[in-house]
Each structure stands twice: as structure tokens, then as C-alpha cells.
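**Q** Protein sequences appear in the order of chains Y and V.
Take the first sequence: its position 52, counting from 1, is numbered 52 in the numbering used here, and each next residue is one higher.
Take the second sequence: its position 73, counting from 1, is numbered 73 in the numbering used here, and each next residue is one higher.
Since the hints were derived computationally from the structure, they do not count as laboratory data.
We put the CB at the ideal spot given by N, CA and C, even for glycine.
There could be a bad hint or two in this list.
Below, a list of computed lysine-lysine pairs in the DSSO-like style, where the Cα atoms sit at most 30 Å apart [unchecked claim]: (1) Y:K142 / Y:K67; (2) Y:K88 / V:K2; (3) V:K25 / Y:K90; (4) Y:K80 / Y:K90; (5) V:K146 / V:K73; (6) Y:K2 / V:K73; (7) Y:K135 / V:K140; (8) Y:K80 / Y:K26; (9) V:K88 / Y:K23.
Pair ranges (Cβ atoms, derived) [unchecked claim]: (10) V:E76 / Y:L42: 52 to 58 Å; (11) V:E85 / Y:N104: 37 to 43 Å; (12) V:D22 / Y:L42: 37 to 43 Å.
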Amino acid sequence: MKSILVAYDGSENSKLALEKAIKISKHNETAVVVINVIPPELSESSLSKMLLPGIKVQDVIRPGGFKASATGMVEEAVKKAKGDGVNKVKGIVKEGDAADEIINAAEKLDCEMVILGCRGYAKQGRFLLGSVADKVVRYSTKSVLVAR
Amino acid sequence: MKKILVAYEGMVQSKTLKVAKDMAKDAKAELTVIRVIPFEQAGTSSQTEDSIKALGVSAETYKATRAKAAIKKETEEGLESIGMENCKVLIKVGEPASEIVNAADEQNVDLLIIGSRRLAKEGEVQLGAITERIIRYANKPVLVVK
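Input sequences plus hints: build the corresponding full structure.
**A** Structure representation (C-alpha cells):
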């Protein structure tokens, strides 16, 4: 069974992406996978310690805080999809470069299509296409739907 | 989803068309196929400049109209051969990216489907210039088929 991967970061455009995925999935009963990626500088990896040498990340944020909120956000999206009548839906949270993780996840799941918003939290009208969307469209070997 | 527009570049066996056909069928959407003839290819007439002038139209318009009719026929036949005779065919003359973006707006489509034109260089995927421009400037959701 093929699936659709939706990149979800809570922004308006990613909500559009989720809606599009729900619509398509309802038509042909494909599974939906919601992905959220935590940037490396916010996760508690050794890399973030390298980027912020003077600050102990653990002192500033509560342990696992970003992961917990990301998981919460993805769960909300999953709930919405379920509520809208999509049966097979799951959420995943990854850490790393957003575009890379989306491309890798699409590859790993061998999904039919990747759906993402045209930009995330960038200022309105500043870019026509966000950097993550641009990178995914360019380098993904799977079909990509850019929601607007 | 009510309306889907798919860009067609003259190959009936393309995956883009197949994806569009399947999606339109699943969603019970109205499918429109658009084909854009670049200006430089629009002139296929052997008529001389003077004889065209006698008709009261500019040489460019004359050639474009002739090419348009011929390509529309060819496109319709191509689509019929793969069982897509029910979709609307739209032929435009001009710059492909802007014609496709404008058509998507005019028809107020819910989804625009385009191909990615892959250059087979060992696992590397490169987007065509037209594809890239459409993704950037379209006001409608765009599906890039790979």
C-alpha cells in the first residue's frame, strides 16, 4: 500500500498541505504519514552543544521539550486527519535538516507523493518558495505537491 | 477537488499524464490538458509574407493560429489513444511557464500537475527551467511528477 508523506510544521501553508493530503487520501484510500522535523540546533544533540558552546541547552529548556511539543503537534494533525475520515494515518518526528529528513523519509517509506506548504514561517511575500520546499522539490525522487 | 490542469508536452506515454488521469478519476474531477506552443515554434507555414498580409492579419498571428489548430488536433488524437478523450484541451501560444500559470488562474483549478523533466545523471534529479518557474510563480497548488 502506497502512502502520502505530509510535512507539517503548524504553519498556515502546512495546514493547507495536510488538507490536500486528507482530500487525496479520501479519494483513493492511501495511507497518510505526517512528519515534523526538529532543527538540529534545537534538539539536544552534540551538534547543538557545538553550535552553542557557552550555553547549556539543558539549563534553558526542559529536557525533551522540543521533541514533546513536536510530537504533540504531529498528534494533533493525525487526530484531525482521523476526524476527517482518513483511516490509515501515523505521525513521525525526526531531528535534523528539515529538507533532508523529509527526502529521506519519503525514500524510506517509498511513498507515492510528498505534500508540503510553499513556505513555513517565512515573512509573507518575501519568498515565493521556501528553502525547505525548494530543496525537497529539487532533490526528492518522489513526486512533490507544493500546497498554496 | 473539482478541477485539475495538467501540462502536456507532446508525449502520450508520459507519467505525468497517467498520474493526472488517475487523480482526476479518483477525485471525479474535471481534467483539462494544456499544451503551450513556444513562439519560436509557432511558425510552420510555408505561406509568403505577402500572401498572409493579404488576409489582413499579421504574419505572427497567422502562423500561430495555423500551428494551434494542427497541434490541437494532434493532441486530441494522442489523448484519445490513451483513453483520455473526455478531457478538455487547451492550446496556447507563448512563453510556456507564464501561459500555464495564467491558465491555472483563469480556470481557477484546484491542482496543477506538471512533469519534472529528469536528466538521467546517476541518481541526480534536475528540474527543467519551465518546471522551476511554474513551481515558483504559480498561485495554485502544484504537483511535480517524478
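**Q** Indicate, hint by hint, whether the structure satisfies it.
**A** Structure-based check of all given hints:
1. With a CA separation close to 27 Å, the supplied pair K142 (chain Y) and K67 (chain Y) stays within the 30 Å bound.
2. Between K88 (chain Y) and K2 (chain V) the CA atoms are separated by roughly 24 Å; this keeps the pair inside 30 Å, and the hint holds.
3. At most 30 Å may separate the alpha-carbon atoms for a hinted pair to count; K25 (chain V) and K90 (chain Y) meet this at roughly 26 Å.
4. With a CA separation close to 11 Å, the supplied pair K80 (chain Y) and K90 (chain Y) stays within the 30 Å bound.
5. For the given pair, K146 (chain V) sits about 27 Å from K73 (chain V) by alpha-carbon distance, which is consistent with the 30 Å threshold.
6. Between the alpha carbons of K2 (chain Y) and K73 (chain V) the distance comes to roughly 36 Å, so the proposed pair goes past 30 Å and is violated.
7. Between K135 (chain Y) and K140 (chain V) the alpha-carbon distance is near 19 Å, which keeps this suggested pair within the 30 Å criterion.
8. Among the hinted pairs, K80 (chain Y) with K26 (chain Y) is consistent with the structure: their alpha-carbon atoms are about 13 Å apart, no more than 30 Å.
9. Restraint check for K88 (chain V) and K23 (chain Y): the C-alpha separation of about 23 Å stays at or below 30 Å, so the hint holds.
10. Distance hint check: the CB atoms of E76 (chain V) and L42 (chain Y) are about 54 Å apart, consistent with the given range 52 to 58 Å.
11. Between E85 (chain V) and N104 (chain Y) the beta carbon distance is about 41 Å. The supplied range of 37 to 43 Å therefore holds.
12. Checked against the hint of 37 to 43 Å, the pair D22 (chain V) and L42 (chain Y) passes, with Cβ atoms roughly 39 Å apart.
In this structure, the one hint that does not hold is number 6.
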